[in-house]
Every structure is written in C-alpha cells, then in structure tokens.
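Residue numbers (this note's numbering), protein chains in the order written: chain A, 1 to 534; chain B, 1 to 439.
A hint or two may mislead.
[What the hints assert, rightly or not] Result set (EDC-like, lysine to aspartate or glutamate): computed pairs, CA atoms no more than 20 Å apart in a straight line:
hint: 1; chain 1: A; residue 1: K58; chain 2: B; residue 2: D152
hint: 2; chain 1: B; residue 1: K74; chain 2: A; residue 2: D239
hint: 3; chain 1: B; residue 1: K74; chain 2: A; residue 2: D65
hint: 4; chain 1: A; residue 1: K58; chain 2: B; residue 2: D353
hint: 5; chain 1: A; residue 1: K192; chain 2: B; residue 2: E85
hint: 6; chain 1: B; residue 1: K185; chain 2: B; residue 2: D255
hint: 7; chain 1: B; residue 1: K365; chain 2: B; residue 2: D353
Treat the hints as calculated values from the structure; they're not laboratory data.
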Amino acid sequence: MHNTAVAHAHHAEHPSGIWRWITTTNHKDIGTLYLCFSLLMFFVGGAFAMLIRAELFKPGMQLMDPLFFNEMATLHGLVMIFGAIMPAFVGLANWMIPMMVGAPDMALPRMNNWSFWILPFAFILLLSTLFMPGGAPASGWTMYAPLMLQTGTAFPFTIFAIHLMGISSVMGAINIIATILNLRAPGMTLMKMPLFVWCWLITAYLLIAVMPVLAGAVTMELMDKYFGTSFFNAAGGGDPLLFQHVFWFFGHPEVYIMVLPAFGIISEIIPTFSRKPLFGYTSMVYAVASIAFLSFIVWAHHMFTVGMPLAADLFFMFTTMLIAVPTGVKVFNWVATMWRGALSFETPMLFAIAFVFLFTIGGFSGVMLALVPADWQYHDTYFVVAHFHYVLVTGSAFAIMGAVYYWLPKWTGHMYNETLAKWHFWLSVISINVLYFPMHFLGLAGMNRRLPDYPVQFTDLNQIVSIGGFVFGVSQLLFVACIILCVRGGKKAEAKVWEGALGLEWTLPSPPPYHSFTEPPAANLIWAHPYQND
Amino acid sequence: MLQKNFKKALRGVIASSLALISGSAFAIDLNMPVGVTPMSHDVYDLHMYVFWVCVGIGIVVFGLMLISIIWHRKAAGYQPAQFHENTAIEVIWTIIPFIILIALAIPASKVLVDMTNTSDPDMSIKIEGYQWKWQYDYLQNGFSYFSTLAADSNAASQLDSGINPDSVPHYLRDVDHPMVVPTGKKIRLLITANDVIHSWWVEDFAVKVDAIPGFVNQAWIKVDKPGTYRGSCSQLCGRGHAFMPIVVVAESWDDYQKWVASMQTSHGAFINPATLQPEQNGSPVVYAPAELNFNAPTPAPAQATATATPVAAPSPTPTMAAAEVKPAGKPAVVAGKTWTMATAMARGQQVFDANCAACHMADGKGNPAMGVPAIAAGPIPNGPLAAHITLVLHGKGIMPAWGNILDDADLAAVITYERNSFGNHQGDLVQPAQIKTAR
Chain A
1 MHNTAVAHAH HAEHPSGIWR WITTTNHKDI GTLYLCFSLL MFFVGGAFAM
51 LIRAELFKPG MQLMDPLFFN EMATLHGLVM IFGAIMPAFV GLANWMIPMM
101 VGAPDMALPR MNNWSFWILP FAFILLLSTL FMPGGAPASG WTMYAPLMLQ
151 TGTAFPFTIF AIHLMGISSV MGAINIIATI LNLRAPGMTL MKMPLFVWCW
201 LITAYLLIAV MPVLAGAVTM ELMDKYFGTS FFNAAGGGDP LLFQHVFWFF
251 GHPEVYIMVL PAFGIISEII PTFSRKPLFG YTSMVYAVAS IAFLSFIVWA
301 HHMFTVGMPL AADLFFMFTT MLIAVPTGVK VFNWVATMWR GALSFETPML
351 FAIAFVFLFT IGGFSGVMLA LVPADWQYHD TYFVVAHFHY VLVTGSAFAI
401 MGAVYYWLPK WTGHMYNETL AKWHFWLSVI SINVLYFPMH FLGLAGMNRR
451 LPDYPVQFTD LNQIVSIGGF VFGVSQLLFV ACIILCVRGG KKAEAKVWEG
501 ALGLEWTLPS PPPYHSFTEP PAANLIWAHP YQND
Chain B
1 MLQKNFKKAL RGVIASSLAL ISGSAFAIDL NMPVGVTPMS HDVYDLHMYV
51 FWVCVGIGIV VFGLMLISII WHRKAAGYQP AQFHENTAIE VIWTIIPFII
101 LIALAIPASK VLVDMTNTSD PDMSIKIEGY QWKWQYDYLQ NGFSYFSTLA
151 ADSNAASQLD SGINPDSVPH YLRDVDHPMV VPTGKKIRLL ITANDVIHSW
201 WVEDFAVKVD AIPGFVNQAW IKVDKPGTYR GSCSQLCGRG HAFMPIVVVA
251 ESWDDYQKWV ASMQTSHGAF INPATLQPEQ NGSPVVYAPA ELNFNAPTPA
301 PAQATATATP VAAPSPTPTM AAAEVKPAGK PAVVAGKTWT MATAMARGQQ
351 VFDANCAACH MADGKGNPAM GVPAIAAGPI PNGPLAAHIT LVLHGKGIMP
401 AWGNILDDAD LAAVITYERN SFGNHQGDLV QPAQIKTAR
C-alpha cells in the first residue's frame, strides 16, 4: 500500500535540476531546450559574422589570415543554418504544435529527447575543429569538392557533425509528422489546422526527403578522401559538378525548410493583430504545397555559371521563376488580411510587417537572380549575399523573433516589457537595412562574396555595412534581456494573451499545464479558422 | 523604334539619378556597368527591365500595406471587416504574376540563347585557373603564360603589411601579365581549372564562367573598344581567392598582331602590350611544341639553339641583369642550360615569390593555420636533395605537382633558392639537368 503510493507519487513527479533537462520527454521542456540552444548558436554564429565585418571594415588584412577568414565564413553559415534557424523552428514546433492541435504532448517523446540531445554534441564536434591543426573547414558552408577535400584534420569531424545534425533533423521531422497526423483533437480536420501546423507538416516532409541527400553528398566526399573513390575527382573519372548537383538537390528544399515555418508564423500573427481572419486559408495551404513541390525542381539555379547545356539553363530558369507565383499569392493574402482590419502594432506584429516588407525585397532580388543572363553578373557577388540575408534574416530570423514575442507570455505566464521589445525591433530593423541594403550595390559594382580583402573603391560601402552589422549584433542583447526579464516576472498574462488571437493554444492557461491537453478539447473550441465551420 | 527611344530615355533617367547619388557620395557606381561587349549591353538592359518591373510590383504591394497601416488602425477606431475569401481575386493574382513572368522570360531566353552561341569564333584563347593565378594559352599562336597578382598589391595585402592599400594603384585589381585581346573579333574563351573550381569574371564583358577541373567551359566576347578591363575570380577557391585578379587589355587588331609577333620571338619574356617592350617579372612565357603550334611563324632552329646568348632586357635593373632571360622554351634547350649560384638565386626568388609565397609566405615561414610547413629551417629544404626535388616535382596533399607547371630551369632555380635562403645554408646548386633526370 505504502509502496504503491510512493511509486505513484514518483511517477507523477519529474526530476528537478539538471536531470530534469537531460531526461525530459516533455514537449515544453524540449521546446525550451531547442530555443535556448538556437539562441546560443545565434550568438556564436553572430560572433563569427562580427569578426568577418571587422576584417572587412578596411581594405588590407588587419586581423586575421585569409584562411581564417574563410573558416569564419564557413562556420558562420553552418552554425546559423543548422544551429540557429533550424533548431529554433523545431523548438517552436515542439512548444506549439501539441497545444495547437489539442494533444497532451508530442507523439514520440523519448525520440524527441534524443533528437535534441544529439545537437549539442554535433556542434561541439563542429566548433572543436577551430582548435585543430589546419583549422576549421574553410570551403564555405556549401563544402564544394574539390576545395573541401583540401581541409585538414577538421575534415572528418565536420562531416560527422553534419551527419549528426541530419539525424537530429530527420527524427524531429518524424515526430512532428506523427504528432500532427495522429494526435489532432477530434473534429480538427486537416483543413481546419492552424497554418503554422500546416507549414510545419510540409516542412517535415521536406526534411525527411533531403537531409539524407546531404548525408550522402558529404559521405561521398569522405570516401573520396579516405577510401580512394573518385566521385568528385575528374582525374579519376569522377565529376566535381556531381557534388554541386547532389548538394543543391538538398540545398534548395533546405531554403524552404528555413522559410515555410516562418510563413506559418506570419500567418498566425497577422490575423491576430489585424483582428480579422486570415484571408484565403485554402489558397495559403495550396501555395505552401506548391512551393514545396517546386523546391525539388529548381536546384540548379544555384549553379547557372557551371556551364550547363542551354536546355538545362532554360528549364531551371523557368521553374525558378514559377516559384514567384505561389510566393506572390502568400504575400497578397497577407496584405489582404491586413486590408480593412483593425491593426495594432505590438512587437510581434511589427516583426511580422517587417517580414512581409523585407522578405518581399528578398523575393524581388530572387526574381532578378532567376534570369540566367543577369545571374551571370550577380552570381557569387554581394548581390547574392544581400538576397539570401534578406530572406533568411529579415525573413526567417525576424519571423522567429516575432514568434517568441507572440508566444512568450503564453510560455512564461508573464507579459514581456513592450518598451524594451520595441527598442529591440526598431534598432534591429534599421540596422539590418544599413547592413544588407548596400550589399546590393557592392555586388552590382563587382564585389565578390567570400572575400577577405577587397579593392579600395569598395571601402566606403563596406564601412557602412560593417557599422550596420555591429549595431544589429549589439541590438540582439536587448532580445536576450527581454526574454530573461519576461521569464523572471512581469505583468500576469491571461489565457488569451492577445485580443484578436484565435486557436486552441489560447484556451489553455498561461503558463499552460505540464501536459497540455490531458483530455481532448471540446469541439466548439476548435476555432482556429472559424469560417471553416460556416 | 518607340521601344528603343523609350529604352534610351529610361537609361538616361536611371544613369543620371544614380550618378547623382554615386557621384557625390561613393567611390563606385551603384549600378551594374553597361560594359563593352554586345552581350553586356543586353544583360544591362535585361537587368534594368526586371528591376523596374520589381519596382512597379513593390509600389503596388507596399502601397496597399501602407494604406492599411495608416488608415486601418485600431487606434484610429477602425472597425475590422470580416471577409476572408474570394476565389475570383485569388485567380486574378495568380494569373497576373504569371503573365509578368512570361514577359520577363522571353527577353531573358533570347539573351541567353545569344550568349551561349560560341560558334564561328575568329580565335580561341584557353584560360586555366590555378590556386591562385590564371594561365592564358593562345592556342593558335603557340604560347601561354601565367598571370598573377601584381607585386605591389601582394605586398600590401599581407597581414599587417603596414602599406596603405590606398597608395597602391589598382589594389587587388592588377596583375603582372595581363590577358591581351583584339577588339572587334569574336573570341571564344575555353575555360578550365587545374586544381579546384574557380570562376573567370570580367563584369564589363558580362562573362562569368566557372573553371572546373576536368571540364572545358565556353564563353565568347567581342570587345567594342580598346582599353583595360578588370575582373576577378568569383568562386571561393581557398586562401588566395581574393588575390587572383583578371586584367584584360583590348587592342586594335593591328596592335594585337604586333604584340603576338613580339611574344612569339621574346624567348620567354612577357611583352608589355602598351610599350611592346619585354618585361622581366613573374613566370616566363612558355611555347607549345612546334607540332601543336598551328599559326605561329616557324622559329628558325638556329635561333633556338643559341642557348648561351641570353636576350637582355633593354634597360635591365641590377637584379634583372643577374636573372638571365630564358632561351626559347624547347625542353631540350632548357635542359642544356646551366645556372651559376648568383643567377639561380635571383631567378629562384622570382619564381618563389610568384608561385610559392602564396602558401609558404614571402618570409618562408609557412602557414601553420593552413597546414603549410615552413621553408625556413624546414625539414625538406634542409634534408636530402633528392627528396626535395621529388616533392616539388610531384607534389603531396595540397602541394601541387610543380613538375607540370614550371620548366626544368625554374624548378632548379627555385629549389636552389629554397635551400639557400630564409636562413637555410645547404650550399646546393641544382642544375636543370638534375631536374630532367629526376622527372
């Protein structure tokens, strides 16, 4: 009798302190771990970017060897993509998807723990290469053969780190798919799911489809280096371009892996602060699905200068341009959602509006880059650097920041400091345009990307860019301050934090109980998109 | 006609408005240059066309957003509408972008077809990328040479060099041996690489083509007007990626012909296309064997065997006088050459600075971050001579096989230099014959 009671009590408890986090199978704890990890990596990758911008403040080499510069550029890319953006989205999925679909937890909680805890080891492996003889990988995050094969001791460590990141991502994706398909509350049909859930469902399929392709590509490099194969060695009958084709077959869907969840977030935030339902829910779902499909047939637009046959150039140009159609539909739908709403401008909404503006600018340069003859001038210049930072930083990263401010009161039970958060937003949005907009001009004037040093006529614009970079970097400390202050205390948050919010997560108290929905929510609460019940 | 005038007017408006910003504030034009080939004009027009289309779409989309932000505010007491669906409007804003895209795709495809048409060239030049320099091979004229970063840029670009890059003319945009082309001729470029992937980009020509080991890519140019055009390697190719610029000198057909004739009889010296005088810098011009040399005037055998008489540069500086000009590059002839310690050391230093210093550093201390060992007090230059020669000839890891790149005389000179510089005192004097035997 006594024993049963103890056992029961033990079952209901969870360990405290560090063991809570190491052994946790709870979706909220794991979501928190993912988000904290990605914030840490955002600062590590950001520190690399600060070093890059410091060296580029003046022509000539002042701070580092050109090879170390290449190492910084490589690690900045790998850390930001695999360490900051992707884990942040997985963290948001962990926190929000069970609450949005009315489930108690993720479908596969133990695997959830594992897929997170692989990541710190993967990044310890990757970052330890900085201290190895020959330094970290220096061939760019794209790891093109044959240059990648010149990497020293760091080579196998980098590749195994990539393998671990891939395993983690695929497990996370399986978990998300299993949760969405199996644990939805009764009555929540697929076409009643919140858009964030839809976007993540499609993203998860993309992850499962392409992460093994990346693993294959880097494994082939490993074989070339250590087992005498010649996949990418022309002298042995191989083909250096094969690597690029395989890599970008992963790489282009990867771009959408980093932006579709952002589309989902924006589609949640804009209706809330417009106090008006999302315009064109159905077309939004179809647009995301179309983008995902097209992402598999556009990969070679990253390689227009490699000398493909005319027919291939034309094919990839046309398919790439086609992506503008569903992407345009999404932007038009967001604008139509705001149109004649009753807008208010809390920090999440500010980030969402900035997202729509600045992501669209990245989309415009994307259309320009799609035109092969023009791409031959833009390719591998700062014009491209500007393009992908507009879609990845003012796109994905801004969406993540917006999401954090949007759901932070729900997670912590406290309101964040709105004044401080607005300072964070305005400093970020101004400095980031000082940082990235002049890059368009640098690229058009002929400055290549990945340059440790540059001709003197590019000096003044590079100084402006660097100053924008430093200010943006420092501004992110405000983000951390906002989060820490909000976790520690603040005005009590209500269950429905925002006046115009719709969706199951707002029916739970703030902060929500440890197990989100122990009983399925009542059917009349499924109001994510109430007009679906018309 | 109307379209042409419109285009012209448009171009004027853009140019003047951009000049207004760029002229006053920045050292560069803020827009893509119009360039000097027919293709670069087409690409510029396409670029401006798609730019203005984007501006137009931006005005509409951002304009609607701004109207919402300004008028449809809760703070202004606006009551939200509740509409959320309209199939007709969804269809319209799917079809309109589609039509705009077709309007973009048609001119883009036309230009692309034109750009890839490399048929019927007047001449061909092969371009090969190396870590970190370019080689230009004039296939029909039977000579080739390397083009490396100019010495003044190289010195200023060293870490903490103390040299202000502003004081260097054309910092990182100048080379020792420029590529020389005639104007008004269709020139086919055959582009490949020796080690890793590079990319040959001259923005004024609108040519950017990857140089890939094992592939020969093609492009073509037809330069409108004489001048000096500058470009760079556009694909990350390792430590020296920023330090392998491209310079192309375009000359009239007559001047070009004179330059070619001088090059063919320069006995390894590079001929400055402006002065038509030989220059003693960088690596020597290499001549193709006669059977591969299609159009070159047949060199007189007597001239080629006159090994002992070096052709002195017209006004040799003291160091250059010590470095003899190599005789015409028939391998047998070169092998018959002998170095003295002084000539070998002088030539060896030139070869080292042009080829080896990129990794082993100008001070011979190597680059530990890159895993490149030091020459100064290094085990190889102070070890057995045979092992040293073998390593230089055949390479190892990231060390290239220089036997394929340099000739016997230069290899002998640079090995001699390495064994007797940077504090090394091996005392060896390597002769070209020893290299020939070791091959």
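Check your understanding: Checking against the hints above, which ones are violated?
Key -> The structure breaks hints 2, 3 and 4; every other hint is satisfied.
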